[in-house]
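A.B. asks: So you can see what is in the structure, the chains are spelled out below.
2 protein chains.
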Amino acid sequence: MIANTPNPPYYAVIFSSIRTEIEEDYHLMAKKMVEMAQKQEGFLGHESAREGLGITVSYWKNTEAIKQWKMNAAHLFAQQMGKEKWYAAYKTRICLVERDYGFENIT
Amino acid sequence: MIANTPNPPYYAVIFSSIRTEIEEDYHLMAKKMVEMAQKQEGFLGHESAREGLGITVSYWKNTEAIKQWKMNAAHLFAQQMGKEKWYAAYKTRICLVERDYGFENIT
Numbered sequence: 269m270i271a272n273t274p275n276p277p278y279y280a281v282i283f284s285s286i287r288t289e290i291e292e293d294y295h296l297m298a299k300k301m302v303e304m305a306q307k308q309e310g311f312l313g314h315e316s317a318r319e320g321l322g323i324t325v326s327y328w329k330n331t332e333a334i335k336q337w338k339m340n341a342a343h344l345f346a347q348q349m350g351k352e353k354w355y356a357a358y359k360t361r362i363c364l365v366e367r368d369y370g371f372e373n374i375t
Numbered sequence: 269m270i271a272n273t274p275n276p277p278y279y280a281v282i283f284s285s286i287r288t289e290i291e292e293d294y295h296l297m298a299k300k301m302v303e304m305a306q307k308q309e310g311f312l313g314h315e316s317a318r319e320g321l322g323i324t325v326s327y328w329k330n331t332e333a334i335k336q337w338k339m340n341a342a343h344l345f346a347q348q349m350g351k352e353k354w355y356a357a358y359k360t361r362i363c364l365v366e367r368d369y370g371f372e373n374i375t
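Chains as they are written, first to last, in our numbering: chain E, 269 to 375; chain P, 269 to 375.
Don't read these hints as lab results, they were simulated from the structure.
Quick caveat: nothing in here was measured; it's all calculated off a predicted structure.
We put the beta carbon where it would ideally sit given N, CA and C, even for glycine.
Honestly, I wouldn't trust all of these hints.
Unchecked claim - As a list, the in silico DSS-like pairs of lysine-lysine whose alpha-carbon atoms are at most 25 Å apart: (1) P/K329 - E/K359; (2) E/K353 - E/K338; (3) E/K359 - E/K335; (4) P/K353 - P/K329; (5) P/K359 - E/K329; (6) E/K353 - E/K329; (7) P/K353 - P/K335; (8) P/K351 - P/K335; (9) P/K299 - P/K335; (10) P/K307 - E/K359; (11) E/K338 - E/K299; (12) P/K353 - E/K359.
Claimed, not checked - If you want the ones that stay clear, here's a sample from chain E, every Cβ over 12 Å from chain P, calculated: (13) K299; (14) K329; (15) L344.
Build the full structure now, drawing on both the sequences and the hints.
C.D. replies: As C-alpha cells, this is what we get:
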C-alpha cells in the first residue's frame, strides 16, 4: 500500500481535498481514474487515504508525464465533474521528491 | 483542514505509514508531535488522513527547518518508539513544492 517508488529524483502530486455530500458516480470515477493513471507513461505509483480530509499522492517520472495526465480527455472530464459535484475544496501541489527513506519492521 | 501554505517554492514531507496493532501511547504522542512541530521555526502547516494506509504531509519553509525538526530530541524519541512499536512500515519523502493550485466551491 506504500508506493514502491524508484530512487529519487522523481515527482509527487499531492491532491488534498474536502468532499461535498454528493456521492453520485464519485467512487466509480475515482476507481476509473486510478486505473487510467496506472496506464499512463511515467506513472510510478499512488497512495490514498480519506479521514474527513482526503489525501491522494501520485508519483511520476517527470513533469511531462504529469502534464500529459492532466490533459488526458477523460481526466479533464473527471476534473470538471469534481469541481461541479464532488469537491467542496481541493489543493494540488506539484513536488520534486529530492530524497526518501523507509523502514519495514520484519521482526 | 487543507493546509494554508504560502506561494511556492516551499517543502513538503510526505510520511506514508502502516501501523502495527499497538495502540499504547500512539495517539497521545501523535498529538504531541503535531503541537511541537507547529512551534518549530519554518513550519507552514500539515495535513493527515488514515484509512488503513496513513498519509501525513507536513509543510516547511526550507530543508534546514526539516533537518532541525528531524533532530529535535523529543521527536527523535518518538521516531524510535515508532520503529519499535507503532509502525509496521513507513516511507518518508522530502519534496520541493514547485507549484500549487486550488479550488474552493463558494456557491
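A.B. asks: If a hint holds in the structure, say so; if it doesn't, say that too.
C.D. replies: We went through each hint and held it up to the structure:
{"no.": "1", "hint": "P/K329 - E/K359", "verdict": "holds (18 Å)"}
{"no.": "2", "hint": "E/K353 - E/K338", "verdict": "holds (19 Å)"}
{"no.": "3", "hint": "E/K359 - E/K335", "verdict": "holds (16 Å)"}
{"no.": "4", "hint": "P/K353 - P/K329", "verdict": "violated (31 Å)"}
{"no.": "5", "hint": "P/K359 - E/K329", "verdict": "holds (18 Å)"}
{"no.": "6", "hint": "E/K353 - E/K329", "verdict": "violated (31 Å)"}
{"no.": "7", "hint": "P/K353 - P/K335", "verdict": "holds (24 Å)"}
{"no.": "8", "hint": "P/K351 - P/K335", "verdict": "holds (19 Å)"}
{"no.": "9", "hint": "P/K299 - P/K335", "verdict": "holds (20 Å)"}
{"no.": "10", "hint": "P/K307 - E/K359", "verdict": "holds (24 Å)"}
{"no.": "11", "hint": "E/K338 - E/K299", "verdict": "holds (16 Å)"}
{"no.": "12", "hint": "P/K353 - E/K359", "verdict": "violated (33 Å)"}
{"no.": "13", "hint": "K299", "verdict": "holds (15 Å)"}
{"no.": "14", "hint": "K329", "verdict": "holds (15 Å)"}
{"no.": "15", "hint": "L344", "verdict": "holds (14 Å)"}
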